[in-house]
Every structure is written in structure tokens, then in C-alpha cells.
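Protein chains: 2
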Amino acid sequence: MAKGKPKNAFYAQSGGVTAVINASACGVLETARKYPKKIGKVYAGRNGIIGALTEDLIDTSKESVAAIKALRHTPSGAFGSCRYKLKSLEQNKREYDRLIEVFKAHDIGYFFYNGGGDSADTCLKVSQLSETLGYPIQAIHVPKTVDNDLPITDNCPGFGSVAKYIAVSTREASFDVASMAKTSTKVFILEVMGRHAGWIAAAGGLASTQDTEIPIVILFPEVSFDKAKFLATVDANVKKYGYCTVVVSEGVKSPDGKFLADQGLKDAFGHAQLGGVAPVVASIIKEGLGLKYHWGVADYLQRAARHIASKSDVDQAYAMGKAAVELAVKGKNSVMPTVERVSSKPYKWKVGVAPLNKVANVEKMMPKDFITDDGFGITAKCRTYLEPLIQGEDYPPYKNGMPQYVRLKNVAAKKKLGEFKL
Amino acid sequence: MAKGKPKNAFYAQSGGVTAVINASACGVLETARKYPKKIGKVYAGRNGIIGALTEDLIDTSKESVAAIKALRHTPSGAFGSCRYKLKSLEQNKREYDRLIEVFKAHDIGYFFYNGGGDSADTCLKVSQLSETLGYPIQAIHVPKTVDNDLPITDNCPGFGSVAKYIAVSTREASFDVASMAKTSTKVFILEVMGRHAGWIAAAGGLASTQDTEIPIVILFPEVSFDKAKFLATVDANVKKYGYCTVVVSEGVKSPDGKFLADQGLKDAFGHAQLGGVAPVVASIIKEGLGLKYHWGVADYLQRAARHIASKSDVDQAYAMGKAAVELAVKGKNSVMPTVERVSSKPYKWKVGVAPLNKVANVEKMMPKDFITDDGFGITAKCRTYLEPLIQGEDYPPYKNGMPQYVRLKNVAAKKKLGEFKL
Chain A
1 MAKGKPKNAF
11 YAQSGGVTAV
21 INASACGVLE
31 TARKYPKKIG
41 KVYAGRNGII
51 GALTEDLIDT
61 SKESVAAIKA
71 LRHTPSGAFG
81 SCRYKLKSLE
91 QNKREYDRLI
101 EVFKAHDIGY
111 FFYNGGGDSA
121 DTCLKVSQLS
131 ETLGYPIQAI
141 HVPKTVDNDL
151 PITDNCPGFG
161 SVAKYIAVST
171 REASFDVASM
181 AKTSTKVFIL
191 EVMGRHAGWI
201 AAAGGLASTQ
211 DTEIPIVILF
221 PEVSFDKAKF
231 LATVDANVKK
241 YGYCTVVVSE
251 GVKSPDGKFL
261 ADQGLKDAFG
271 HAQLGGVAPV
281 VASIIKEGLG
291 LKYHWGVADY
301 LQRAARHIAS
311 KSDVDQAYAM
321 GKAAVELAVK
331 GKNSVMPTVE
341 RVSSKPYKWK
351 VGVAPLNKVA
361 NVEKMMPKDF
371 ITDDGFGITA
381 KCRTYLEPLI
391 QGEDYPPYKN
401 GMPQYVRLKN
411 VAAKKKLGEF
421 KL
Chain B
1 MAKGKPKNAF
11 YAQSGGVTAV
21 INASACGVLE
31 TARKYPKKIG
41 KVYAGRNGII
51 GALTEDLIDT
61 SKESVAAIKA
71 LRHTPSGAFG
81 SCRYKLKSLE
91 QNKREYDRLI
101 EVFKAHDIGY
111 FFYNGGGDSA
121 DTCLKVSQLS
131 ETLGYPIQAI
141 HVPKTVDNDL
151 PITDNCPGFG
161 SVAKYIAVST
171 REASFDVASM
181 AKTSTKVFIL
191 EVMGRHAGWI
201 AAAGGLASTQ
211 DTEIPIVILF
221 PEVSFDKAKF
231 LATVDANVKK
241 YGYCTVVVSE
251 GVKSPDGKFL
261 ADQGLKDAFG
271 HAQLGGVAPV
281 VASIIKEGLG
291 LKYHWGVADY
301 LQRAARHIAS
311 KSDVDQAYAM
321 GKAAVELAVK
331 GKNSVMPTVE
341 RVSSKPYKWK
351 VGVAPLNKVA
361 NVEKMMPKDF
371 ITDDGFGITA
381 KCRTYLEPLI
391 QGEDYPPYKN
401 GMPQYVRLKN
411 VAAKKKLGEF
421 KL
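Residue numbers (full-length UniProt numbering), protein chains in the order written: chain A, 1 to 422; chain B, 1 to 422.
Hints are computed from structural coordinates only; laboratory data are not their basis.
Check before you lean on any hint, since a few could be wrong.
Since copy identity is lost for identical chains, a pair holds within one copy or between any two.
[Unchecked claim] Think about it this way: if two alpha-carbon atoms lie no more than 25 angstroms apart in a straight line, the pair counts; the simulated SDA-like pairs of lysine to any residue are: (1) 409 <-> 211; (2) 37 <-> 326; (3) 311 <-> 404; (4) 292 <-> 235; (5) 239 <-> 420; (6) 104 <-> 329; (7) 229 <-> 292; (8) 69 <-> 210; (9) 286 <-> 228; (10) 239 <-> 419; (11) 182 <-> 422; (12) 350 <-> 152; (13) 311 <-> 395; (14) 240 <-> 414; (15) 311 <-> 406; (16) 364 <-> 414; (17) 286 <-> 259; (18) 62 <-> 210; (19) 69 <-> 404.
Let the sequences and hints guide you as you build the complete structure.
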């Protein structure tokens, strides 16, 4: 692939989007434009792999240099994302045949897929098309996930910015509740993402530092919820500091293994209500301690908060996109660029590379020694790991008080094939 | 008061805190230090008026110039706030006698109270102590409230920064849901503050502009919730744009006059659950349209978010504190400095002044012509009013990726009196 006539490339975004996935897109597109002898057009899939299957390809050559550059400071997925996992070749050969048909029709020789663990699996399957179905393609995965649960890479682009948002918000809300505690709210509860791993919840612990101590109780999905111990800890904090902040992962579970959020809430008409875990924890505090509380649920706000993105994270997201193209140009297939930590203090990192079959479908959990013995906090080791990831600010440009996020033209490439039913 | 030996001053923060109430404190303290011939020490009440009643006074002369300066970029109430309303003189003369006792003991001749409508009432009562109980004092109210519901002043310090946070967050989350909508979430619901007035919800409308159109449905407390019309509007947006964002005020009410949030939720054990309105709206959408949704509750995050404060708001908060001291030095009593709008485009404003008896206990609602006829959006007139208030960014300093918010020493002045039971 690296020699001869240039081949076109396919790029797509997959799974939950982040504040910096477009920075990776920016890295891919800007770098691809530097190798015109090897890479022709970059077609972006509209809504991830679905764009490839339905031949809904966006011709990124129609976008201006300025628009592509602005992707670096624009949150969300500029080409649309999807939650769609390719089945195995045995289960659905029709989809693979279709991919090859579309790739052939548009002379696509490079496949860049920007996503998390599930998407790495899709990318791995595509990378095997040369072997399995005799179609030559180089598939490179670009890591992305707020959950920080990909293996091998030190951390995942997307996570650092969520971590910064949660750390900053936790500090700010804690200052607020501390001001109110004398006659009003004494406990603030913030619900954060992370259904399986507690990385994002752990970031709440960064709100408290040596020069700004804050009593924070973290509820990790890795630690079974112990109601009595939790209430005793909150109570002790309120007695000592006058207030307490609770950061609770959406994935925290009761001893019976069920999500704490799943308390079978019903409204006045008996309809089931899908609540968050924050109000559940609030009720537990109200009932157990009788303290006045407030609760918040960050939800999409946390992963879309480009306005307070981590500079480390933006830089790494861009670097992963850039590295993916450089690996492709070097003839690599079935790999994923990674972040390799060189040192924590001062923070230094470089780009590494991992084989995709070691990445796909592997989930990296929080190490046990990142959580304090009482199960409610982060250790010094965890702090050393996390702190570099939220370093630096990378503010978007503003106009009339609002961040200027780009919307691409997203011009569709002309279809050459018949319709395909998903 | 303006002549002769300098008198000491009392300053306190009251009610819900904001991202910029400390900027007003900064304005008061820095300005007071410029008039040593007229103002001696500034004592801050620990936890608002309670600090005055219990003689828990903070000696702000013990704080460094740098610490006072840092208040300008620090959210929350540095001296602690309170929710405590003085009763009328007839109902509780004991409290007024105590205030005079404390003021006399500490030679206090100026009273600066930083709060909203209820606090203006407290300040008004104190301003009348000269007449009612023969104690000479000048009481000046410093406006503060995220609810933006004080009369006469064009807007209230605290509101602009919440408005900016909500506008920015709504834009970011809308970009997110737009990316996910093809195969996943189609509606995002954001719950915001504002139990009586829809000012904060209105700010969600600023997320959509001519160059960045976003389908947003706003549920105002001023507009009775019409379920069928709401569902039809969300449905039409999803059909047209692929997704829809809903910004819902915590104070939105059903046609029967009850809060929509108060749906009598019960958990599996039959305990009442205090939920937010966002999950209620989510359930209505799920049941009525069967669409996948996400919801967030900003809660304290919105009013504590100093990291994305509006520069207009910070400047005005500081100016109100400064003006309060200048009014005091000029011998004024029972007044409140105000923001007077000179023009919207370009935005120009100046400091005005209002008599306290026209401010206390008056609530400014959204004008009817600020809400579109369908009840779900903001008019051009509303936009012209709101846009200047979110103008400009005023970032705090960062260290290791975290905003550096100051914590004062808050050294207590020596008590001279006996205990007082609240």
C-alpha cells in the first residue's frame, strides 16, 4: 500500500463521543493531507461504520483548512457516531462483503476507526479482511474513550478532559456547599459516568489537594456499597468539616450485585422510573443522617465539556490521530497508537504502538492499590497517575460569550452502489 | 458618619452563593481599604447575619492584599453564607437589640449585606435601626442572586455566570446528542435552577444562534406544562433535526399548580424519593415517544462554575461591591447600587442606585414578551437582553490543572460580649 498509486482512506467515529475525539479527527485529516502521494481522499463515515455499510461517505476534501483546524477545539463527533458492533465473519458475512464492495468502489486502502474497546473489535475484524476475504486494507485503531478502560495505552484520549471537568466541578461545588453548610445544605452528591470502572469517579478525588483540603467520599463501581460504613464516613466528615462531598459512579453496586441506581423507582401511577444513582444516595443520607443535601448529575455535560478540556488530553488526542496516519503510511495494519508515559513529575509522554488483537475486548480496571483501604478515596499512587492527565488548559475561541464550535459541511460523496439494508 | 473618627464596617454574604459573590466581597474590601479616614476595619460576619448576632466576626484586616485580590476569581462565599431572615421588629426586638449591642461593641457604623430579595429585607430592617432604635448606622445592600429576580437593577451579579454556564453546557451537550442520535440517544434533558422565574432556563436558549442552530425546547416555570404540546414539539424536532435538547426549570408546574418534579416517586420499599424534574420529563418522553434519552441535573455546578464565569458578571459583581462602599462614604443609607444598561449593542452599562424599600421583597419575573408564543423558546427581545450578560471570559489561575481558589484565614475578632442564643 505504501508504494504506487495513492489509495483513499476511510475514517469514522464510534461509540460515545468525547470533548476531544474531533481533535483526533483533526490529527488524522491534517496528517493525511501531508501525504498526497500515499493517501488520496479521506472519506468519513457518516455515523461510524454505518456510513461504510450504507455507502454514506463524507468527502472531507470539501472542508476548508480552517474548518478542519477548528475540529481540534470542537467537542462531540463531527461526522456522527454510532453504537453498532460488527458480528463475527461467520455470523454475518454479508456485512463484510458489503464493506469490501464499498471500499473497492471508492478505492479505499486505509481504515481509521476512532473508538473504545468495542470499536477496536470492529477495527480488528476489518484489519483481517486481507486474510479472510482477500481484500488488501490497512486498519488502524485510534483510541478514544472517557472510560479510560483500554489496555496497553497509559490512558485514553477523552478521559483526561472528563477527569478535569469532574475535578474542577467537584472543587467548585464543594466550595459552594461549604459556604451553605451552617444553616442549609451539608452534603453535595455528584453522579459521574463509569458503569464498570471507577476512573472518572477517582478524578473527583483530585478536587482535594494539600493546599485545598476537601472531605470527599467516592463511591467506586469496584467497591461493593456498604451503607452503614458510608453513612458513618459522611457523618464523621460533616462533624469534622461541617460538610461533605460525595462523588458517586453510576456503576456502584449493592452487595447483591445490582446497580444501586436500579432501586425500582415508581411514580404516582406505578410506572417504572429510570433514575440516576445520585437521588438514591441522597435518599439514603436523608433517611440515615437527616442531613440537608443537594445532588447533581453531570451526564453528557462531563464528556462534552470542551470549554474546560485538559491540554494534555487535547494534545494526545491529536497525536493519536496523527500517529495513526503515520503508521498507515509506514505500511502497518491491525495496530493502535498508544500513549506511553515516560515520567509523571515532570509529565513526559511519547507515542507507542499496540497490536489490535491485544486491545480489542480487553477492559482495564482500576488497580486495587489506586483505592484507599476504606474504599472511599484515591491513593497517592492514583493521584500521581491522574494529575498529569488534567494538566493545562486549552480554551476554545469565543464569540459573543459563546464557544465557537465548528459544524462541517459534511458533503456526501456520490454513491456508486445500490442500497444496503442494515 | 462621613466626618470625624472612622467607623468600622460589617460585611456579610447571605442566601445561595454564586460564582461571583466573592468578587463583590473583593470590591467591598479593596475599596474600603482606600478610605482609611472614614472606614476602619471591615469585619465580615461568619455565615451572614448569624455572625453579627453571635458576635462571630472575622477580622479581614488579617488577610493579605493577595488573598483579598484572589476573592475576585474564587466562587462561593468566602465567609460562609446563611439562610436566615430577620423577623420584624415587633416580632423579635431581641435580635435587633443584639445587633445594636454587637455593632456598638465593635464600633460598627457601616453595614454591607450581599444577597438577594430576602437579604435586601434584612438590610432594609438594619437600615432603619437609626430611626427605630436610635442607633446610627448606614446599611447598603449589595445585589447578588443567580435567580436574576431583583427589581430596578437591569440584572443581578451571579446571574450572568450561571447563564453562561447553562448556555455553554447546553451547546456542548447538544453537539453530543446530535452525534449519538442516529443509533442511540435522541433527546437530552438538562434541569436548571429557577423555582419561580425562568431566567436561567431562558439562558439555555442562547446555546442556539444563527450560525449554530440547535433545536431546544425550554420549559419555563412561567408556562404551565402542556404534555401533549410538549411531546408534539419534541417529536417534530427529532423528525426534523434527528435530535432535540430540552432545558427544564426546576420550577415548572403541571396544570394543577403542583411542581412537575413532585410526582410522588417511591422506591421499592415505598419510601418517598425526592427526585429532580429532569427524570420526570425523561419518563414522559420515553412513555410518550419511545425515544432514547439522557438527562443531567446541573444543581450547584451551575452557580459555582467560576471556571466559565462571564466577564461582564465578574466586572459588575466587583463594581457593586465598590459602589456600595462609595455610597457609604458619601453618607448614604438604605440603598442598593444597581446595574443600569446604557445600550445592548455594543453593551454599555453604568452603576445606578435604588432605594432599598423599593427592592426588598419584590420579585422580578420574566416579561411575557421574552417567551415565544408557543411557550418553549426565547424571543429576539429576550436574546438582546441576555446576550451581553454572558459576554467575555474571566479565567481563574490554574496550578497542576486545577483552578486556584483562595481560602481565607478567617481570623475571628476577639469577642467582647456574652453568648447569644439564636
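Find the hints from earlier in the document that the structure breaks and name them by number, from lowest to highest. Failing hint: just 16.
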